[in-house]
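Sequence order for the protein chains is H and L. Numbered per this note's numbering, the first sequence finishes at 798, counting up by one with no gaps. Numbered per this note's numbering, the second sequence finishes at 1132, counting up by one with no gaps.
To be clear, the hints were calculated from the coordinates, so they are not data collected in a lab. These figures come from a predicted structure and were not determined experimentally. Hints are supplied without guarantee of correctness; some may be wrong.
Result set (SDA-like, lysine to any residue): computed pairs, CA atoms no more than 20 Å apart in a straight line [to be verified]: (1) L:K1110 / H:D586; (2) H:K628 / L:Y1101; (3) H:K628 / L:A1092; (4) H:K628 / H:H568; (5) L:K1100 / H:S675; (6) L:K1110 / H:A576; (7) L:K1096 / H:D632; (8) L:K1019 / H:D586; (9) L:K1110 / H:P573; (10) L:K1110 / H:I601; (11) L:K1019 / H:T572; (12) L:K1022 / H:I581; (13) L:K1019 / H:Q585; (14) L:K1019 / H:I581; (15) H:K518 / H:I440; (16) L:K1022 / H:A576; (17) L:K1110 / H:I581; (18) H:K606 / L:E1108; (19) L:K1110 / H:I592; (20) L:K1110 / H:Q585; (21) L:K1110 / H:T572; (22) L:K1022 / H:D586; (23) L:K1019 / H:A576; (24) L:K1022 / H:Q585; (25) L:K1022 / H:Y587; (26) L:K1019 / H:Y587; (27) L:K1019 / H:I592; (28) L:K1117 / H:D586; (29) H:K628 / L:D1089.
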Amino acid sequence: MKLRLTQKLVISIEVVVILISCIGGFIAFRTVRETLLNQTRSQTQSISTLKEQSILSFLNRAKSQLNFLATNSTNKEIVQRYLLNKKEVDKELIKTELLEILSQRTLFSSLYILDQAGQVVISTEEKDEGKIKTSEEYFLNPQTQAQTETQYFSYDSSTGITILTITSPIKNVNGSLSSLLVGNIDISEINKLMMERSGFGNTGETFLINSSSVTVTELLKEPGLELKKVIFRPQVKECLAGASISDEVIDYHGDKALGFWKWVPELKSCLVTKIDLSEVLAPLNQLAKNLAYSIGILSIVVGTLGYYLSKLILKPIEELRNEANKIKLGNYSDKPLDVSGDEIGEVTQAFNSMSQRLKESYTDLEEKVKQKTSELSVKITELSSLNQKLEQKDYAVLNLLEDARDLEHQLKTEKENIERKVDERTEELTNAKTKLTASISSLPIGFVMVDDSHHISFLNKKSLDILGMTANEINSSEDIFNKFPKDSNLHELHKAFHKENKSVLVEGEVDYGSKTLKISFVPISNILPISQSNEKASNLGSILLFEDITEAKILERSKDEFFSIASHELRTPLTAIRGNISMIQDYYPDAIKDPELNTMIDDIHKSSTRLIRIVNEFLNVSRLEQGKMIYDLKPIELDTLITETVTDYKAGSEVKNISLEYTPLPNLPKVICDSDKVREIIINLVGNALKFTDKGGIKITTEVLQGFVKVLVSDTGRGIPLKQQSLLFHKFQQAGSSLFTRDTVSGTGLGLYISKLMAEGMHGELKLESSVEGQGSVFSFTLPIDTGEVTKVDNTKV
Amino acid sequence: MTKILIVEDDPLMSRMYEKIFKFEGFDVELAADGEEGLDKIRSIKPTLVLLDIMMPKMNGLQVLEKVKQDPETKAIPVIMLTNLAGSQDAEAALTKGAVKYIIKSEFEPKQIVNMVKEILAGYTRNDVPSAV
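Required output: the full structure, derived from the provided sequences and hints.
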């Protein structure tokens, strides 16, 4: 806010004047307040003393009365007599005396005499007689037995009023204590004393507080003796401790008050004298009003005076301002302003010279402005041509923006296309995933997918069933493998499997509790197109397959056992048949002279022999398959072995009129084998060749290969049809024969199967080299060459 | 006279072998189970024992063990004659002191007699009956 100089001056003066008068007023106010308070303080003290004195004089009167009664020798005598003899007459005498005292004066409400046992013996109140007062303090206090004593206020439970008790000892003639005279002072008497105003304002009052901080006399603001109030305040506490305090407080009624607390030792009470502050300070309100009026008037006067004074002082300044305004508008007056002699005059002088200088420089300035203006107009012309060029450029930029917008639109369309395709693909993928998950869940084998760090990524319910675990138990493949026997080392194997980054399946059978599980490790390899990678498979973990083969195992075992036992049980009766028949042939030739009978016996013998051979082959198969076959591996001269075996068959081939040739190779190395088994293999192969060859011949040759010797048996027989070749080495298969034509060439169909298993059992192999229908077949088997290392008997299971 | 003890629980078998050995002029004694076999080996002291494996009361391998532990009987040659084809059994029997392991079904009774004769011939030639 902009203020005129005049206003500023007036306000300054006003502020100063009001401030000064306020401070003055405040000081006066404080002084008067202090004075009033001090006056009241001394007044409360003097009233307090006055009240105390009146109470004490009242008490002294009561005391002297009681003392008089107690020390009256007649009384003493009667009391003593009564206490000894308990005569009603004496009692009545004393009682009459006491009652008379009560009626004469209004000091006591009741009087009674206590014997030394603390029992009330004579009382002005008949109902009190016989009461025991042993617990009363005046009885307990030894002082009360020595002199007349005032007891402090106590509560009389029988009447419900507060009483002040005074006691006086009654002594025997010899000076010893006989009894105690007790007087109860009616509290209303003391109350009257306390309530007497004696010119202490409207709110001034005095009351007594006993040692329990309870008011015993009436309060001005809460009349009624029965309304006792407990007043806990520090002043009361200190007062009850024996001090006298003057202080300002909030009284029991909530008013501000000035009080004086005086300790009255005779009553063991605190005498409170107080008056409301509002009454004490009432004169201050008037003072404040007067002060406000004075300040108001003063400020109006000062304001008016100040205005005119400042007008007078400020006149030359007003003139200066007017002149300056003119200069502002360009009017330079030639006439300088009048100059007065004071400070303002000096300012005017300076103003005049400044005005002159301004006038000169202004003329100079106008010329310069003209010159600059012409220069500016040239610049503006240049700028406008530049501006035109810029506008053209703007247009080009706008075109570019248009193109960009088109491009953006194309991009957006393209993006939408891609997004749609992505959505489609995502849906396809989701479908594929759902199908895959369903497939895996429906698998009859346990399927567990493990990532590269051995954590489980997925498992189907079947796996939990097989392992007998819950999904919560399995976090990593290790959790699963820990359930297996320690020696199975599955975790280590699996770790190695991951490490080697194998791309082939690994399988094994492991015992799992009472179960036997077939476990397969299947690698998950993401084989990227060659162009994208260096033909390297990135390992994504593996799949663990758990197949419960317990049942299958049991079945297989029982089948094998059946096979073995059945064979064994079959052999015994067969042996008996054959043995007995051969004995008949050997020892009873006369009994079977009849040629018919002889042929029949011979047929029985042949049949039983063939049956035994079949059973033996079955047994062999069973043993081979169970891995129970034991091989007696030794270095053998294969040449000798073949020659011996072939010699046995020479006769057979000659019967069929086909040739049987063995072409030995010079320096054939020794082989490691079980000679009995090798003989069986040769017999089987040569036997088969003989069976299926009707003309031509059978050739046996040997070859030396890397670490092996190969024995080849070739015939010129009927050959094996291609589609039968694959069945050749299976159990009970005879190539080229159906079930019904089999008996043309007797055999179990186990021969080749057994030979193959035995060749493999000796670390070699047996196979069909070639076979052409109608031209013949070539079978071969290999045996490892003796390197001299293995000379011991090596029992190796298949 | 050469005395052969046949320890065999199956009467079909024991009868057949009894016959052939009698035909061939041997003195034959029979025992129907392992315990009886062991008793007869101790009491009769046969020249040679044909011992079946699967038998009641005491099996052939247990009998063989006892015979070879007893100094009185350990010199008597024992041939295991059985239809159990397991090679392990054969091995076990031979290490326990049997002189031969014969599978019944693989041989005619006459062949078995011949084998016994061969074995006994060897013994008489060397005059030192050996367990293995």
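The hints, checked one at a time:
For the suggested pair L:K1110 and H:D586, the alpha carbons sit about 9 Å apart, so the restraint of at most 20 Å is met. Pair hint H:K628 plus L:Y1101 holds up; C-alpha atoms about 18 Å apart against a cutoff of 20 Å. Annotation: proposed proximity of H:K628 to L:A1092 holds, straight-line Cα distance about 15 Å (limit 20 Å). This hinted pair checks out: H:K628 and H:H568 have alpha carbons roughly 15 Å apart, not beyond 20 Å.
Pair hint L:K1100 plus H:S675 holds up; C-alpha atoms about 19 Å apart against a cutoff of 20 Å. For a cut-off of 20 Å, the pair hint linking L:K1110 to H:A576 stands: about 13 Å separates their Cα positions. Straight-line distance between C-alpha atoms of L:K1096 and H:D632 comes to about 19 Å, which keeps the hinted pair within the 20 Å bound. Distance hint between L:K1019 and H:D586 is fulfilled; the C-alpha atoms sit about 12 Å from each other, no more than 20 Å.
Between L:K1110 and H:P573, the direct Cα distance comes to roughly 17 Å. Compliance with the 20 Å bound is thereby established for this hinted pair. At most 20 Å may separate the alpha-carbon atoms for a hinted pair to count; L:K1110 and H:I601 meet this at roughly 17 Å. For the suggested pair L:K1019 and H:T572, the alpha carbons sit about 17 Å apart, so the restraint of at most 20 Å is met. Between L:K1022 and H:I581, the direct Cα distance comes to roughly 16 Å. Compliance with the 20 Å bound is thereby established for this hinted pair.
Using a Cα cut-off of 20 Å, the hinted pair L:K1019 and H:Q585 holds, with the two alpha carbons roughly 14 Å apart. At most 20 Å may separate the alpha-carbon atoms for a hinted pair to count; L:K1019 and H:I581 meet this at roughly 12 Å. Our distance criterion of 20 Å between C-alpha atoms is met by H:K518 and H:I440, whose separation comes to about 17 Å. A distance of roughly 17 Å separates the Cα atoms of L:K1022 and H:A576; the hinted pair therefore holds under the 20 Å criterion.
Only pairs whose Cα atoms come within 20 Å are accepted, and L:K1110 paired with H:I581 is accepted, the gap being roughly 11 Å. With a CA separation close to 12 Å, the supplied pair H:K606 and L:E1108 stays within the 20 Å bound. Taking the CA atoms of L:K1110 and H:I592, the gap is about 19 Å. The hint holds against a cut of 20 Å. Of the pairs offered as hints, the one joining L:K1110 and H:Q585 holds, with about 11 Å between alpha carbons and a cut-off of 20 Å not exceeded.
For a cut-off of 20 Å, the pair hint linking L:K1110 to H:T572 stands: about 17 Å separates their Cα positions. For the hint linking L:K1022 to H:D586, the alpha-carbon distance of about 14 Å falls within 20 Å, and the restraint holds. Pair hint L:K1019 plus H:A576 holds up; C-alpha atoms about 12 Å apart against a cutoff of 20 Å. Restraint check for L:K1022 and H:Q585: satisfied, since their Cα atoms lie roughly 16 Å apart, inside the 20 Å limit.
For the suggested pair L:K1022 and H:Y587, the alpha carbons sit about 11 Å apart, so the restraint of at most 20 Å is met. For the suggested pair L:K1019 and H:Y587, the alpha carbons sit about 10 Å apart, so the restraint of at most 20 Å is met. Our distance criterion of 20 Å between C-alpha atoms is met by L:K1019 and H:I592, whose separation comes to about 18 Å. Taken as a hint, the L:K1117 and H:D586 pair is honoured in the structure, with Cα atoms around 17 Å apart against an allowance of 20 Å.
Between H:K628 and L:D1089 the CA atoms are separated by roughly 12 Å; this keeps the pair inside 20 Å, and the hint holds.
Taken one by one, the earlier hints all hold for this structure without exception.
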